[in-house]
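Peer 1: The chain contents come next:
There are 2 protein chains.
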Amino acid sequence: MKIYLDCFPCFLRQALEAARMARADEERQRAILDRTMALLRDVPLESTPPEIGDRVHRIVRQLTGNNDPYAAVKAESTREALRLYPRLKALVAEDGDRLERAIRIAIAGNVIDLATGVSFDLEEGLERILHQPFAINDLAAFKRALSEARSILYLADNAGETVFDRILIEALSLPVTYAVKGGPVINDATVADALAAGLGEVAEVVSTGSDAPGTILSRCSAEFRNLYERAELIIAKGQANYETLSDDASARSNLASPLEPRDKRADVSEEGGRLFFLLKVKCPVIARDIGAPVGSIVLKRG
Amino acid sequence: MKIYLDCFPCFLRQALEAARMARADEERQRAILDRTMALLRDVPLESTPPEIGDRVHRIVRQLTGNNDPYAAVKAESTREALRLYPRLKALVAEDGDRLERAIRIAIAGNVIDLATGVSFDLEEGLERILHQPFAINDLAAFKRALSEARSILYLADNAGETVFDRILIEALSLPVTYAVKGGPVINDATVADALAAGLGEVAEVVSTGSDAPGTILSRCSAEFRNLYERAELIIAKGQANYETLSDDASARSNLASPLEPRDKRADVSEEGGRLFFLLKVKCPVIARDIGAPVGSIVLKRG
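Heads up: the protein sequence lines correspond to chains Z and B, in order.
So the first sequence is residues 10 to 311, counted in our numbering.
So the second sequence is residues 10 to 311, counted in our numbering.
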């Protein structure tokens, strides 16, 4: 997904929030806004939003000297989420489609702002998401893909949300590789964050090799790109992964190997690829792009 | 009220919205954003937000050649509001404190975005505002001030909202001077807009002489400033009037004439001045400044 002009005010808002998170004083905050505006003046509109977000948060880190402004928030989010883990497990065990319930809980992790007022948001957020209809619902295709795949590549999003992902991973009967950021950016999970959330017990935790938001393949390590290209089924969590991968044509085929018969590949490609986006739509620009309203939950085959 | 860094993203958002309202193409929209960012880099933080808003909307008018991007929206808002007028009149006539109901309806005009989905918003918006408690409630002081004043200066806000103001003006038993913008800016009411809404039938409609949002006294005409200085009671409607007048020390005394005994002036000044702000709090920065949450309604003595 390409950036829209609507993203410009949002980048400025993000820069200010991150600057304050890094405890920059007002003068430094303003310097960060100035640098961000200078950056935006030269931004090519063919970029994806996380490509620019990456540069914005780099400015914040550079001008504050704080390499990980969200460290405390991430640790707190993980602690809070771990405290909730038994309750989330109990929710999955209730009646109904357990896989669907686990998917909904994973989305709830994407929705709840674990940094602020978690307990209040949780009650309402979880309850809503457990019953809210999917605006885009490729669950049947996801189940078929699950039955055909031998393993899963799971592209993570935020710290704390990791614990909710764990609930879903535990409901899947396939080995999972859980890919997180190669370094701190916003509140995205790194290897250390994922391990602190216990993801090492249920998945192989790997780094994408990139500290940009989302998954910008050209910025990832060769090892990760290799993993991505060979993956039979990919779960991409959250908005930034959608923004960076929604135009990835390679993911439209679920058969990475060119050795498979061509007609079989064509079949699969028609109904969608090996990539499944799992997210809550929080931003009007993404809403327009994905075709689902702000506030809706989405399980979309890429 | 001074501008905060939080206003920067908001100005960018406003510039984009206005550019689109003026039907600028994407390239022009981007040029407008670039000019706005250049402006923001040099903005003194002692400015009030409407002083910067004024310059932002000037950029939009200049780069689009459209002197009144919101003309159609304003006309439609006024038409819609006039259609509602009989219903609003009936609402005031219901049981209870009629003045308070009229004040609430005037605030409802400030809340309802008449440009989009008015009929839907109206049902909910009016109902809410007729029953929502005031977050700041200087109604008793306002009634005392009304009983002592001989006339009222009413500082208007948006087109369409004018009709809701008319409801309040008709509930006041004093002659009212209704001050509107000296030229088009955003969807603010001008003399033509106010007359189209029938305000000429219930008040003397005058221009502030300025086409900046809010009421920037230094930018108003000498005639208007004279009116303002001599006014015994001023109703200032909406956020922009709060932003531009909240620090106006002269309004802290309700006796403009220096001939009044000093001790009497001091008394009045202690309990507040001749200025009453009437608004719905829509922005987190104003919320912090005024001390009432976003979404709340306020009748505050200045």
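You may find that some hints are simply not true.
Heads up, the list lumps identical chains together, so a pair's fine if it works in one copy or across two of them.
[As the list claims (entries may be wrong)] Each computed DMTMM-like pair below joins lysine to aspartate or glutamate, with the alpha-carbon atoms no more than 25 Å apart:
#1 Lys11 with Glu26
#2 Lys291 with Glu109
#3 Lys98 with Asp51
#4 Lys98 with Glu26
#5 Lys11 with Glu35
#6 Lys11 with Asp220
#7 Lys11 with Asp104
#8 Lys11 with Asp34
#9 Lys152 with Glu89
#10 Lys291 with Glu35
Just so you know, the hints here were simulated from the structure itself, not pulled from any lab data.
Peer 1: If the cutoff is 25 Å on CA atoms, where do lysine 98 and aspartate 51 land: within, between, both or neither? Let me know, please.
Peer 2: neither (48 Å within a copy, 54 Å between copies)
Peer 1: I want to check one pair: lysine 291 and glutamate 35. Are their C-alpha atoms no more than 25 Å apart within a copy, between two copies, both, or neither?
Peer 2: between (28 Å within a copy, 24 Å between copies)
Peer 1: For lysine 11 vs aspartate 34, is the C-alpha pair at or below 25 Å within one copy, between two copies, both, or neither?
Peer 2: Between copies only: 17 Å across chains, 33 Å inside a chain, cut-off 25 Å.
Peer 1: Classify it for me, lysine 11 with glutamate 26: is the Cα-Cα distance of at most 25 Å met within a copy, between copies, both or neither?
Peer 2: both (23 Å within a copy, 19 Å between copies)
Peer 1: Could you figure out if lysine 291 and glutamate 109 sit no more than 25 Å apart (CA to CA) within one copy, between two copies, both or neither?
Peer 2: Within one copy, since 21 Å is at most 25 Å while 38 Å is not.
Peer 1: Checking an output row: lysine 11 and aspartate 104, CA cutoff 25 Å. Within, between, both or neither?
Peer 2: neither (41 Å within a copy, 56 Å between copies)
Peer 1: Evaluate lysine 11 and aspartate 220 at a C-alpha cut-off of 25 Å and name the case that applies: within, between, both or neither.
Peer 2: Within one copy only: 20 Å inside a chain, 37 Å across chains, cut-off 25 Å.
Peer 1: 25 Å Cα cut-off: does lysine 98 pair with glutamate 26 within a copy, between copies, both or neither?
Peer 2: Classified as neither: same-chain Cα gap 33 Å, cross-chain 45 Å, threshold 25 Å.
Peer 1: Indicate which option fits the pair lysine 11, glutamate 35 if close means a Cα-Cα distance not exceeding 25 Å: within, between, both or neither.
Peer 2: between (32 Å within a copy, 14 Å between copies)
Peer 1: One pair to classify: lysine 152 and glutamate 89, alpha carbons no more than 25 Å apart. Within, between, both, or neither?
Peer 2: Neither. Shortest intra-copy (31 Å) and inter-copy (50 Å) distances fail the 25 Å Cα cut-off.
Hints 3, 4, 7, 9 from the earlier list are contradicted by this structure; the remaining hints agree with it.
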